[in-house]
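Next come the chains, spelled out residue by residue.
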Amino acid sequence: MSTPKIRLDAVSKFFGGSVVAVEKLSLDIRDGEFLAIVGPSGCGKTTVLNMLAGLEPATSGTMMLNGKPIEGPGAERGVMFQDYALFPWRTVRGNVEFGLVYGPAGQGLSPAERTERVERTIEMVGLTGSQEKYPHQLSGGMRQRVALARLMANEPEILLMDEPLAALDAQTRVILQDELLRIWGQDRPAPERRTVVFITHAIDEAVFLADRVAVLSSHPGRLKQIVDINLPRPRGDATRRSGEFARLCQSIWELIREEAYRATMN
Amino acid sequence: MSVVSSTNAKAAGPTRLGGVLVYLRTMALFVLAWYAGSLLVPSKLLLPSPLAVAAALRDTALNGELFGNALISLARLSASMLAAVVIAVPLGLLMGRSRLWNDLLELPVEMLRPIAGIAWIPLALYLFGIGHRLPLFIMFYTAFFPLLVGTAAGAAAVDRRLIAAARTMGLSRSTIMRRVIVPAALPAILVSARLAVAASWTAVVAAELVGAPNGLGYAIEYYRSMLSTPTVMAFIVTIGLLGFLTDKGLRQLSRVLTPWAQTGAAQ
Ligand SMILES: Nc1ncnc2c1ncn2[C@@H]1O[C@H](COP(=O)(O)OP(=O)(O)OP(=O)(O)O)[C@@H](O)[C@H]1O
Ligand SMILES: [Mg+2]
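Residue numbers (this note's numbering), protein chains in the order written: chain A, 1 to 266; chain B, 1 to 267.
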């Protein structure tokens, strides 16, 4: 691998001087890589994502994107927020098309192409028929799918996703995991893939999707270990049933078990 | 879908009718109390009976005086409201979102805001004389501050996560202002518009009382000097009614403009 897509070097984040959310995190994210981040609640996953998105500066350390320091948000890094951050005054369609209509993501698209992409994305997340509904008229899982569609419609080069499938039922989750792998580019050669940073609580989800799983420890948030997931691609139901899959899940679970207990007891 | 809406309609029918009945009963009680009061108060000049007021309403309505004056006052209210919206809303957005603008405007605004619009009448009489411009100015002044302060507060309170979401989609600052801040602050702006209109109605009378040759306020003053209390009361009732109707109109407007913000709103 040549220069990494994203490089975090000894990045720390303090809140109000005393709260250490992230401490000395160093991590290279490769171009076209699917990286999952797991760790107990409150260990700083969202904080890392916000810094990668350029929404919050690091307290110390450096963050580089394509060799240049990250100084703010950019349309090449799309974000799906843990609490969705949907626009309440816009319908499902209005939310999904937002970036295409008002941001650079829609440049070079004809109105017909734009409409086609918006409708296709809405269909992908299974919200066809709810296009005219407002966020407050949707269930939690539906809102999460709107947020997912809003990110997907923009087709950013880098996808930063904060627990994007957490509120979904098991079946929908499996369907959207497959869909996510397709959009990421699992069927394409590695150089043509997007780069994904995917936060999740579900270890099996991390193992199924990712090339590497970064395990964070809490208080303060540090990188505990990076686990390579060498399961063959394309992955599917056979992957989920394989012994290697179970073994990887087990070893990651053991890594974070004591952390999880510690976080829960506190 | 149709099942849902038809059950809704059934549920809404009786409650709406019930609301009207409650309203009528309240009004009837009020008019009865008024009537009883007018029998007890000996002077017709102090408290005319509701019947006398109704007769005055009918007479002024028939000779066109009621509608003519109401129309003039309404036109003045609309014009001054429009001017206030055009100036106060953009300024309020700037104040709510920019430190610089807030620091620049906060002091003068906080100094002018507590001064009632009608306090400017004597000065405005010198400046504008009697005519349209004086009531227009007073009503504009009265509407301006609730709008400015309400808009600024609404713009400052916009959920920062929504702004963050728009920034990650690469929107420019001005696009975020138009496509995120303005719609997110719109419910607050509409509430302050209702407050501004209500305040403007209270200023109408005072401003037209002294500063205009026509309008509802002028009519009240004119009939007071003619010692015709029933007609004075008829115009007062008209102002109350118009104030109620304009507020109802504005509430309807916010329902249309911000359907997403109407859930659970018990208005
Ligand atoms: N704006 C803030 N001000 C102060 N402390 C904060 C702020 N944001 C996060 N923190 C603290 O930083 C730590 C990490 O928070 P963060 O949201 O990144 O955790 P997380 O790993 O995303 O947790 P979860 O899995 O529950 O979403 C927590 O202890 C939290 O209290
Ligand atoms: Mg989080």
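These are calculated hints, taken from the structure and not from any lab test. It is possible that part of the hints are untrue.
Covered, in the sense of this in silico footprint (three residues per stretch, anywhere, with C-beta under 8 angstroms from a C-beta of chain A), are these stretches of chain B [unchecked claim]:
hint : region
1    : 98-105
2    : 109-116
Partial pick of chain B residues on the chain A-facing surface, computed with a CB cut under 7 angstroms [said to hold, decoys possible]:
hint : residue
3    : Gly170
4    : Thr175
5    : Ile236
6    : Ile239
7    : Trp260
The beta-carbon is built from N, C-alpha and C at its ideal position, and this holds for glycine as well.
We went through each hint and held it up to the structure:
1. 98-105: It is violated: at least three residues are needed, and the region 98-105 of chain B offers just 0 whose Cβ sits closer than 8 angstroms to chain A.
2. 109-116: Coverage by chain A is violated for the region 109-116 of chain B (0 residues, Cβ < 8 angstroms).
3. Gly170: holds (3 angstroms)
4. Thr175: OK, holds: Thr175/B within 7 angstroms of chain A, min 5 angstroms.
5. Ile236: violated (40 angstroms)
6. Ile239: Ile239/B check fails; min Cβ-Cβ to chain A is 35 angstroms, beyond 7 angstroms.
7. Trp260: holds (4 angstroms)
Hint violations for this structure: numbers 1, 2, 5, 6, all remaining hints satisfied.
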